[in-house]
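Trainee: Taken in sequence, the protein lines are chains A and B. Sequential numbering from 4 applies to the first sequence in my numbering. Sequential numbering from 1449 applies to the second sequence in my numbering.
Watch out, some of these pointers could steer you wrong.
[What the hints assert, rightly or not] Here are the simulated DSSO-like pairs of lysine-lysine, each with C-alpha atoms no more than 30 Å apart in a straight line:
1) Lys125(A) x Lys40(A)
2) Lys1488(B) x Lys66(A)
3) Lys1548(B) x Lys47(A)
4) Lys1573(B) x Lys125(A)
[To be verified] Computed Cβ-Cβ distance ranges for the label pairs, DEER-style:
5) Ala1612(B) x Arg192(A): 36 to 44 Å
6) Ala18(A) x Pro1628(B): 39 to 47 Å
7) Ala1647(B) x Pro162(A): 53 to 61 Å
8) Ala1595(B) x Lys112(A): 51 to 59 Å
9) Leu32(A) x Pro1628(B): 53 to 61 Å
10) Lys1488(B) x Arg154(A): 38 to 46 Å
11) Lys1488(B) x Leu32(A): 45 to 53 Å
Calculated directly from the structure, the hints in this document are not laboratory data. Every residue gets a Cβ at the ideal spot worked out from N, C-alpha and C, and that includes glycine.
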Amino acid sequence: MEKEARKAPGLLGQAWLILLLAAFFGSSLAGVEIALKPRIERNKRNETFGQIPFLVPGGSSQKSVETRMGGIRVIRVLSDKGDHLGWVLPASGQGFADRIELLVGLDRKAERITGLYVLDQKETPGLGSHIQDKDGFLRGFEGQPADKSLRVVKGRPAPHSGGIRAITGATISSLSVCNIVNRAVRDFRKALAGSEGKD
Amino acid sequence: MVDSGPTALERFINGILPENPTYRQLLGMCPTLAVTNGLKPALTMAGATAFVLICANFITSLIRNALKPHLRILVFTLTIATFVTIADRFLQAFMPAMSKVLGPYVPLIIVNCIIIARCEVCASKQPVGTALADALGCSLGFALGLASIASVREILGTGCLLGARVLPEAWPNWGIMVLPPGAFLTLGLLLGLVEWAGAARKKAGGNQG
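Okay, chain B solo, but in the shape it has when bound:
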C-alpha cells in the first residue's frame, strides 16, 4: 500500500499549531468549555484525551488493512470506548478527587470529535509511525488549547495558577471567569487573537513575497 499522505513529521507539526484542534479545527469544544476553569483539571483532561487518542490511533493503524469501509466507524467507536473506560477507571482509582471534578466529561471523551477525526483522517490510512506522530501532535495541540484557556480563566478568576498566587492580593477576582460565561468569553477572545495573529503573519508574508 503506497502511503501518499503527509509524513510523520508533517503530521506531528500540523497537529500542534497549523491544524490545532481547538483554535483551528474548533473540535472538542465540550471539554474546552467545561473543564477549563482551572489549569489542573484542564491538564488532566488533556492527558486522558492524549492517552485515548494515542492508543486509538495505534490500534486503528495496526488493523487498517483489515478494516471494512462500512464498518470502520463502529470499529473506531469500539476502540475509543475501551480506552476511555480504562482512563476513567484509572482516574477513579488513582486520582479520585480529580475524577469527581471532571465527572461525566471523562466518559464523554468517547464522543470527542478530535479522536474519531484522527482515526478517520490519518490512522485508518497511514502506517503506525505516522499515526502515532499524528496522535502526539494533536494531543499536544489540544493540551495547548485547553491549557491556554484554563490559565487565563484561573488567573483572572482566582488570581492564582495551580494554587500559587500570581496576581497581587489586591486583585478583585473576576468570578465570571471561572463560571461558564468565562469559558465562552476566553475562548472567543483567544480565538480572535489567534486568527488576528495568523492574518497578520500572512499579510507580512504576502508583502515580502
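Chain A extracted, bound-state conformation:
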C-alpha cells in the first residue's frame, strides 16, 4: 500500500494542467478566429482585387468579377470598357514552412501566364521569402506558356521556355510555388475547356 501511495502520479495527475490549458487556449483561439476571420478574408479580397492591374495588364480592379468555374474560384478580369482580358486564379498549397497563397494571372484563353503574386507566405526569411521578389523570382513566370508544366531549373533558363530559375538556398520553396501554379493552371484549363464545350 505504502509503496503504491509513493508512486509518481499517473498520466492524468501529471498532465491535467496542460490538458486544461490546451482546452482553454484552443477555445479562445476558436473564438478569436470566428471574430476576426471575416475581416481577414475581406482584407485578402481587397488585396486580390488591388493586384488585378498588375497580374493582367489593362485589367480593372472595379470592373472585374469573381465567379466559379467547375467549382474553382476565379476572377474574370475585365478592362475599364468591360472587355474580357483574362483571369486571376487564386491558388494555394504547402510550402517549406507553411501554406503559400498565390494569385496567378492568365490571358483570356488561359494560354499564357501574365503575372504572379504572393498573397501569403511564411517561408524562411532571407531564403524562401525571396519567392515574393517582384523583380526576381516572380518576374520569371510572366509570359510563360500555360499549356505545359513549369519546371525549376538551375541557372538562367531560355525565355518563355517553361523553365523557372530556382532561388539559391530555397529549392523547396521554389519547387512549391511551381507545383502550386502548375496544378492550379491545369485544373483551371480543364474547367475552362469544359465550360467552353458546353457553350
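We have chain A already, so just place chain B on it with the hints.
Mentor: Below, chain B without anything else, positioned relative to chain A:
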C-alpha cells in the same frame, strides 16, 4: 510561499535599463536585426511582443503553484504560442499592410527568448503583480532597444523618421542602413556606446567612493 525575489518595482526598473533585453541580455536578436529598418515596423513588433509577454507572464504566474517542474517549458510554450497566434491574427485583420511587412517575424515571437526567459526567471516563481511589473519593464526595455536601432537606421537610410523628413534634402541616403548590414552596424555601434557609457559611469562612481 515566501516571495524572496526582487520586488515589483525592482523588476520593472531592471527590465528597462539595467537588464535591458537588447543591450544587456542580447536576447531577441532576430527581430532586433530583422524589423528595425523603419521605426513603424519596429514599434509594431515591440507592441506585439509586449502583448505576448504581458499575457504569458500573467498566465504563468497565475498557475505557478500547479506547475510541474519537468513540464513547465511545455506550458510556457503553449501559453506563448496561443497569444502569438492571437497577435498575428489581430495584425492580419486590423493592420494588413504592416502584417505583410513583418511577415513571419510575428509567428516567430513564439521562439523569442525574452518571453520564455521572463516566464522562467520571474513569472513561474513570483506573484502576479511582480510578474506583470516585470513584463511591463522588459517590454519597455525591448521597445527602447528596437526603437533606438530603428530610428538610427531610418534617419540615416532615408533621411526621414516615421515618414517625416528630419535630415535636409541634400542628405545622401545611406542605403546600406536600411539593408541587413545596416542592422549589424547599428546594433554593434549602439551596443558599444551603451557599454562605454556604462563603464564610464562605473568609473566615475568608483572614483567617488
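Trainee: Each hint needs a verdict: does it hold in this structure or not?
Mentor: Do the hints match the structure? See the list:
Among the hinted pairs, Lys125(A) with Lys40(A) is consistent with the structure: their alpha-carbon atoms are about 19 Å apart, no more than 30 Å. About 34 Å separates the Cα atoms of Lys1488(B) and Lys66(A), which puts this hinted pair outside 30 Å; it is violated. As the CA atoms of Lys1548(B) and Lys47(A) are separated by approximately 11 Å, the hinted pair is consistent with the 30 Å bound. Taken as a hint, the Lys1573(B) and Lys125(A) pair is broken in the structure, with Cα atoms around 35 Å apart against an allowance of 30 Å.
Checked against the given bound of 36 to 44 Å, the beta carbons of Ala1612(B) and Arg192(A), roughly 50 Å apart, lie outside it. For the hinted restraint 39 to 47 Å between Ala18(A) and Pro1628(B), the CB-CB distance of approximately 43 Å keeps it satisfied. Between Ala1647(B) and Pro162(A) the beta carbons are some 60 Å apart, a value that agrees with the proposed interval 53 to 61 Å. Judged by the Cβ atoms, the range 51 to 59 Å given for Ala1595(B) and Lys112(A) holds: they are separated by roughly 53 Å.
At about 33 Å, the beta-carbon gap between Leu32(A) and Pro1628(B) misses the expected band of 53 to 61 Å. For the hinted restraint 38 to 46 Å between Lys1488(B) and Arg154(A), the CB-CB distance of approximately 40 Å keeps it satisfied. Take Lys1488(B) and Leu32(A): their Cβ atoms lie about 27 Å apart, and the range 45 to 53 Å is violated.
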